[in-house]
Amino acid sequence: MRLRLRPKQPELFEYFVRAARNTASATEAIADLGVPGTPAKALSDRLVEIEHQNDEVTHELYNKLNSSFITPFDRDDMYRLAARLDDVIDHLEAAATLAHLYAAFDGERPPPQMCEQLEVLRAFGELAVTAFEDFAAKRDLKHYWIGTNELENQADRIYRQLLTHLFSGRYDALTVLKLKEIGDVLEEAADAFEHVANTVEAIVVKES
Amino acid sequence: MRLRLRPKQPELFEYFVRAARNTASATEAIADLGVPGTPAKALSDRLVEIEHQNDEVTHELYNKLNSSFITPFDRDDMYRLAARLDDVIDHLEAAATLAHLYAAFDGERPPPQMCEQLEVLRAFGELAVTAFEDFAAKRDLKHYWIGTNELENQADRIYRQLLTHLFSGRYDALTVLKLKEIGDVLEEAADAFEHVANTVEAIVVKES
Amino acid sequence: MRLRLRPKQPELFEYFVRAARNTASATEAIADLGVPGTPAKALSDRLVEIEHQNDEVTHELYNKLNSSFITPFDRDDMYRLAARLDDVIDHLEAAATLAHLYAAFDGERPPPQMCEQLEVLRAFGELAVTAFEDFAAKRDLKHYWIGTNELENQADRIYRQLLTHLFSGRYDALTVLKLKEIGDVLEEAADAFEHVANTVEAIVVKES
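Protein chains in written order, with this note's numbering: chain R, 1 to 208; chain E, 1 to 208; chain W, 1 to 208.
Hints listed in this document are in silico derivations from the structure and should not be mistaken for laboratory results.
Be careful, since some hints might not be right.
Unchecked claim - Subject to a maximum C-alpha distance of 25 Å in a straight line, what follows is the list of computed SDA-like cross-link-like pairs (lysine to any residue):
(1) R/41 x R/28
(2) R/64 x W/72
(3) E/206 x W/63
(4) R/142 x R/126
Could you build all of it, start to finish, from the sequences and the hints given here?
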């Protein structure tokens, strides 16, 4: 059985708050996919930049963990949580880069369901920031579980409507391939936000 | 090093038996995809219902774990095993829902290889029920490893035949996209059954 | 907190060196995909053979772990590392088998970007062998992190060029589907090599 008594190490929580803010910056940036005339290359570059910023946060956290004898919660869980936050940003970067490589929206707006995906992701990013600030301050996280559940249900419903739309016969097969892949990656980003929340929940349950 | 002596907690095993039964209900239900005239929407709804039932089992297990000082095996392994069982049902629900959203089999039967996939999944579900009952009773699980291996080999062979069939030129590209995705998800469900068995094996090896 | 003092068990490292050599054999074999006239069936069979060889190594390692009270590093990490090495070979086998099932290169060479993917994978295999020998000998692994990073960046760049090439309009949708899936699996093999390196790094950090 593990030791339950652990002195607080508030500065370790700070890394997670910073990573959560990076997910919010990424969802904020990628929302421009839905804005006509956004240069695809610049958007992709911006997401790559946020990805690198977050790699640094993860790296600093790992170094800090490495030099700390006592951590506020299980060390493996901290590695896992950092990796889950990183996953969100990886998926968002991938979506922006695919949109650029496929020239998917040059001259055309994304399908309306994809614009709704971007909105749900933005809400997920905002929720993550509040939730990690509350996590760091050891405040109640009930609103985080409820909010995640609602957004995940919305994301699933919209994703399914996107699939029906794509296969309705109005696009040729190559276009379906391109749009579906971008939509899939956006759906994975929403799933990744849910995995972050599940990882936090598992930690809170264990440590309570 | 961990404590090896642990009092039995038979009621915790019961959650896993119930989850295994849910996987069997799901494979039983989705077998109807191969039956001409099955309403796709009703089938998808049925799988969503089983998914929710299993979410409740997982939730109850987590609460139980949370309030138990001593668990029959490593706590993290119990979380992982519950998640692996959940994965099976998620994939089966996804396959049924895609068939509905794509109207993939309205008026047409699935390719014969896909019907065989459904049969293998049904056998996997039945094997899981027996295996988890034996696991709970601490009976020998050799038949589980052997059965899993056989079914996994069958599933792989059938999946490969499905791919060859789909790309043989008899379908247009959009139809290939739809059918392949459903076949992929069914193959992932078979893989997920294998992961369940691997997770049980890892636990048994550690605790022996 | 865990015990830090552990007697060395050099023979356990040997299994990892053997698995790393298997990944190198697999990348060496699959490089023939780029050689005109290679029989696709024979290549797929060769990869399946290497996959089985490695399953045996993994199996022997698990048995050894099972019968060892003390391990050179955390037991769960050793399971995880063996699984990550296995993933590399699974992806390479999948790519060879898909090329065979789709008759993707009968009479035609792969796109040039796919040949470059095969070259990067070969370099990854060679790097893994050196790195695991150094790991077993407790030598410095800095060159492993640097080399992995460089190869991963190359792999990403090439993969993106492949996607642009595939969607440039020169292939019909069914061909894009086939080639993209093979390219995707090769990219997953490169990612899997990176995951191996990350897993080693996490172990080294923890144990240092």
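Checked hints:
| no. | hint | in the structure |
| --- | --- | --- |
| 1 | R/41 x R/28 | 16 Å, holds |
| 2 | R/64 x W/72 | 24 Å, holds |
| 3 | E/206 x W/63 | 11 Å, holds |
| 4 | R/142 x R/126 | 16 Å, holds |
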